[in-house]
Amino acid sequence: MEGENAKALGGALDEHEKKIVSIFKEVDVVISTVAYPQFRDQLKIDDAIKVAGNIKRFLPSEFGCEETG
Numbered sequence: 001m002e003g004e005n006a007k008a009l010g011g012a013l014d015e016h017e018k019k020i021v022s023i024f025k026e027v028d029v030v031i032s033t034v035a036y037p038q039f040r041d042q043l044k045i046d047d048a049i050k051v052a053g054n055i056k057r058f059l060p061s062e063f064g065c066e067e068t069g
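Residue numbers (UniProt numbering): 1 to 69.
In short, the hints are calculated from the structure, not lab data. One thing to keep in mind: the hints can contain errors.
Said to hold, decoys possible - Derived BS3-like pairs: lysine-lysine, alpha-carbon spacing no greater than 27 Å straight-line:
#: 1; residue 1: K7; residue 2: K44
#: 2; residue 1: K7; residue 2: K25
#: 3; residue 1: K7; residue 2: K19
#: 4; residue 1: K18; residue 2: K50
#: 5; residue 1: K7; residue 2: K50
#: 6; residue 1: K44; residue 2: K19
#: 7; residue 1: K44; residue 2: K18
#: 8; residue 1: K56; residue 2: K44
#: 9; residue 1: K56; residue 2: K18
Said to hold, decoys possible - Okay, the calculated beta carbon distance ranges per label pair:
#: 10; residue 1: Q38; residue 2: L9; range: 25 to 33 Å
#: 11; residue 1: E4; residue 2: P37; range: 28 to 36 Å
#: 12; residue 1: Y36; residue 2: N5; range: 16 to 24 Å
#: 13; residue 1: F58; residue 2: K18; range: 12 to 20 Å
C-beta atoms are modelled at their ideal positions from N, C-alpha and C, and glycine is treated no differently.
Modelling step: build the complete structure from the supplied sequences, incorporating the hints.
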């Protein structure tokens, strides 16, 4: 993906919103991969996207699977 001018950045939803916003300011697309139990935590991602103001596309984790074990 690096040849396609893409980079992957990771973060945790329990980080302070300012940290998440600073990560989002470095990218154009956000892909959420949260598992089903944390599905509602995506609202933090949505809030940070609004503050960052530069995200062109957000792919929510609506198709995540429930973890077992």
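So, going through the hints one by one against the coordinates:
Straight-line distance between C-alpha atoms of K7 and K44 comes to about 22 Å, which keeps the hinted pair within the 27 Å bound. A hinted pair counts as satisfied when its Cα atoms are at most 27 Å apart, and K7 with K25 qualifies at roughly 13 Å. Restraint check: the Cα-Cα separation between K7 and K19 comes to about 18 Å, which is no more than 27 Å; the hinted pair holds. Restraint check for K18 and K50: satisfied, since their Cα atoms lie roughly 12 Å apart, inside the 27 Å limit.
With a C-alpha separation of about 21 Å, the suggested pairing of K7 with K50 holds against the 27 Å cut-off. At most 27 Å may separate the alpha-carbon atoms for a hinted pair to count; K44 and K19 meet this at roughly 12 Å. Between K44 and K18, the direct Cα distance comes to roughly 11 Å. Compliance with the 27 Å bound is thereby established for this hinted pair. Under the criterion of a C-alpha separation no larger than 27 Å, the hint pairing K56 with K44 is consistent with the structure, at around 17 Å.
With a CA separation close to 19 Å, the supplied pair K56 and K18 stays within the 27 Å bound. Our hint of 25 to 33 Å for Q38 and L9 is violated, since their Cβ atoms are close to 19 Å apart. With their beta carbons about 33 Å apart, E4 and P37 fall inside the hinted range of 28 to 36 Å. Y36 and N5 have their C-beta atoms about 32 Å apart, which leaves the hinted 16 to 24 Å range violated.
At about 19 Å, the CB distance of F58 to K18 agrees with the hint of 12 to 20 Å.
Hint compliance for this structure: hints 10, 12 are broken, all remaining hints hold.
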